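Chemist: These are the residues of each chain, in order.
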Amino acid sequence: MAAITSVGEAPLTATARKPGGMQAGRRRRLNLFRYVTFTVFGVFFLVPLWSMVRFSFAGTNPGSWSVTPWKQITAPPGSSGAPDLLGAIEITLELAVLTCLVVLVLLVPTMIWIHLKVRWISRAFEFLCLLPLTIPAIVLVVGLAPIYNFIRHYQLSALQLFWAYVILALPYAYRALATGLGAIDVTTLSEAARSLGASWFTVMFRVIAPNMWQAILNATLLSAALVLGEFTIAFLLLYTNLQVALYYTARATANAGVVFSTSTAALLFAFTLLVILSYVGRRRRRG
Amino acid sequence: MAVASTTQTGARPGRAGRRLAAPSWVGTVPFLCYVGIFLLLPTGIVIWGAVRNSTGFQFSNLKLLGNSDVRSYFVGSIELSAITAVVGAVLGAVLAYAIASGNPDGAVRRFSLAGSGVLAQFGGVTLAFAFSATIGPVGYLTQASWFYDFPQGIVPIYVYFQVPLMVLVFLPAIDGLRIQWREASENLGGSTWHYWRYVGGPLLAPAFTGALLLLFANALSAFATIQAWENQIAYTVPQQISVAISSEVGTANPSEADVLALGMVVMVAIIMTGYALLQRRAARWLR
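Respectively, the protein sequence lines represent chains C and G. When the letters of the first sequence are read in order and numbered with the working numbering, they come out as residues 175 to 461. When the letters of the second sequence are read in order and numbered with the working numbering, they come out as residues 30 to 316.
Calculated directly from the structure, the hints in this document are not laboratory data. Predicted model, so just to flag it, every value in this text is computed and none were measured. Beta carbons are placed, not taken as given, at the ideal position from N, Cα and C, and that holds for glycine. One thing to keep in mind: the hints can contain errors.
Distance windows between CB atoms, simulated [unchecked claim]: (1) Q172(G) / I358(C): 55 to 63 Å; (2) P59(G) / E268(C): 47 to 55 Å; (3) T446(C) / S220(G): 38 to 46 Å.
Over 10 Å on every C-beta distance to chain C, these chain G residues come out as not near it, computed from the model [unchecked claim]: (4) T57; (5) L68; (6) I74; (7) K92; (8) D98; (9) G105; (10) W175; (11) F179; (12) Q181; (13) G182.
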């Protein structure tokens with residue numbers, strides 16, 4: 175754009191050329207600013223990650239390279255007193271799936287129903303969905319402790335954490351789904367389906383939900399990434415998920431390479447989920 | 030219902046009418062029950078635990094807030110949150126501007142945003158490990174002697190997730206700045222300084238202040254990172270809540286946890302209300 179302006183304004187007088195020149199100068203300065211900013215922030219953000227990666231390939235001698243820390247992820251728990259990392263990874267992935275399912279089952283039909291039938295409740299509903307953002311996990315866990323004491327009478331598995339994780343994922347999933355729901359004409363779709371004899375079940379799951387699948391995928395990815403990184407609630411309710419296992423492994427054996435390899439893997443996994451999400455978002459904007 | 034429509038065709042209109050007239054908000058009951066049990070009930074338990082003691086409803090527990098130890102946790106929390114919120118907001122705003130001035134569909138933006146999402150929301154304890162590997166006791170970059178000091182040892186780690194959060198919440202505001210405003214300012218003879226002083230700055234001010242508050246609340250409620258930090262002394266409210274509710278060392282004190290948690294809820298609620306108001310003010314210029 176700067177090029178077009180300067181070509182177009184070249185034959186004009188000096189007073190007119192001056193703003194054009196300023197524009198080109200500004201573009202140059204902006205580019206310089208961008209390069210400097212990205213370099214400085216790149217260093218700040220990449221050096222810790224690089225250190226972590228380097229430590230995840232550390233051998234027994236200082237400065238040597240080895241893939242042992244990556245192999246140790248799948249190794250059975252040794253005599254070092256460190257927790258079973260593979261078991262923790264498994265339980266965390268199961269928790270992610272379970273949380274996503276419950277979030278979707280709880281939110282999608284309710285949101286569609288509210289959109290169609292009970293509009294007057296939607297402000298209160300939004301408030302409830304965003305409320306977990308204002309109640310820190312550390313506070314929630316204080317109140318959840320008695321409830322989990324009750325749950326533990328019946329079931330001890332760490333999978334029970336999903337009850338709390340659904341609440342944590344609620345704001346993120348709600349915002350993703352609300353965007354998707356706002357982008358389609360829910361009323362017309364449902365009236366068309368209803369007048370052709372569809373039941374409410376068909377309207378929700380065979381007409382509206384397929385039309386907002388990107389939003390549903392968004393909500394799923396965000397909820398999954400959230401579960402992968404969750405520490406506070408699991409730690410304080412004395413369950414072992416991935417982050418808690420990492421924490422105790424680091425405590426039991428200082429600077430164990432396996433801590434760094436698993437951390438790197440977890441961050442990369444969450445990063446991949448969010449990159450996929452960004453592509454999904456782009457396709458919707460185009461269509 | 031599908032069965033009903035095939036068998037009782039004659040009797041149906043009247044019944045269907047009455048059914049729809051029967052409260053349609055019933056469809057939201059499963060959601061409300063879930064949120065009631067796992068969000069509202071825990072919050073209620075915290076508040077109730079903070080204002081009662083063995084003899085019934087009393088405010089004597091709240092006197093704990095005047096205790097000098099307890100006050101020092103709040104001071105520590107506020108100090109850490111304020112420093113990291115200001116640093117994170119300023120740096121994050123610069124980075125957000127650099128990202129926004131590039132190609133809106135480019136790879137730089139996509140990867141920056143996905144990376145920001147991971148670091149801001151899903152990092153958990155792994156971020157503490159990354160810094161331990163970088164500037165910790167056997168750090169790759171340097172073995173900083175101040176790594177164990179509060180707050181300077183923990184501030185870089187907090188900034189590491191505050192800057193990405195700032196990028197995520199502030200980018201929409203910068204995207205909302207229209208190129209026409211810049212051009213209008215230039216046509217009227219305004220310099221870059223004039224533009225930012227009289228146009229861009231005032232437009233972004235509410236969004237920036239709102240984001241600053243959000244970052245403050247975010248640092249206030251963060252627990253995982255500081256817990257995984259190698260210094261094990263409790264400096265902040267979340268750490269002390271954790272000490273008070275876990276009975277490992279025989280110092281469990283549930284009512285202290287409740288009071289501290291209530292203090293946090295009140296602080297975060299005030300901050301988030303301010304954030305919501307500023308967001309509404311900022312939204313006037315977006316799109």
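Chemist: Confirm or reject each hint.
Modeler: Now the hints, each set against the structure:
At about 56 Å, the beta-carbon gap between Q172(G) and I358(C) stays in the expected band of 55 to 63 Å. In this structure the supplied range 47 to 55 Å is violated for P59(G) paired with E268(C), their Cβ-Cβ distance being about 23 Å. Remark: the range hint 38 to 46 Å for T446(C) to S220(G) is upheld by a beta-carbon distance near 44 Å. Not every CB of chain C is more than 10 Å from the CB of T57(G) (nearest about 6 Å), against its label as outside the interface.
With a closest Cβ-Cβ approach of about 5 Å to chain C, L68(G) is found to fall inside the 10 Å limit, against its non-interface label. Distance check for I74(G) against chain C: the nearest CB is about 4 Å away, which does not clear 10 Å, and the non-interface claim fails. The claim that K92(G) is not at the interface with chain C holds, since no C-beta of that chain comes within 10 Å of its own (minimum 19 Å). Here D98(G) stays apart from chain C, with its beta-carbon at least about 18 Å from theirs, past the 10 Å limit.
With 10 Å as the threshold on Cβ separation, the claim that G105(G) sits away from chain C holds: the shortest Cβ distance comes to roughly 14 Å. Every beta carbon of chain C lies more than 10 Å from that of W175(G), the smallest distance being close to 16 Å; the non-interface claim holds. The beta carbon of F179(G) is kept farther than 10 Å from every beta carbon of chain C, the shortest such distance being approximately 18 Å. Every Cβ of chain C is farther than 10 Å from the Cβ of Q181(G); the closest lies at roughly 16 Å, confirming the non-interface assignment.
Look at G182(G): its CB is around 14 Å from the nearest CB on chain C, clear of 10 Å, so calling it non-interface holds up.
Checked against the numbered hints above, the structure breaks hints 2, 4, 5, 6 and satisfies the rest.
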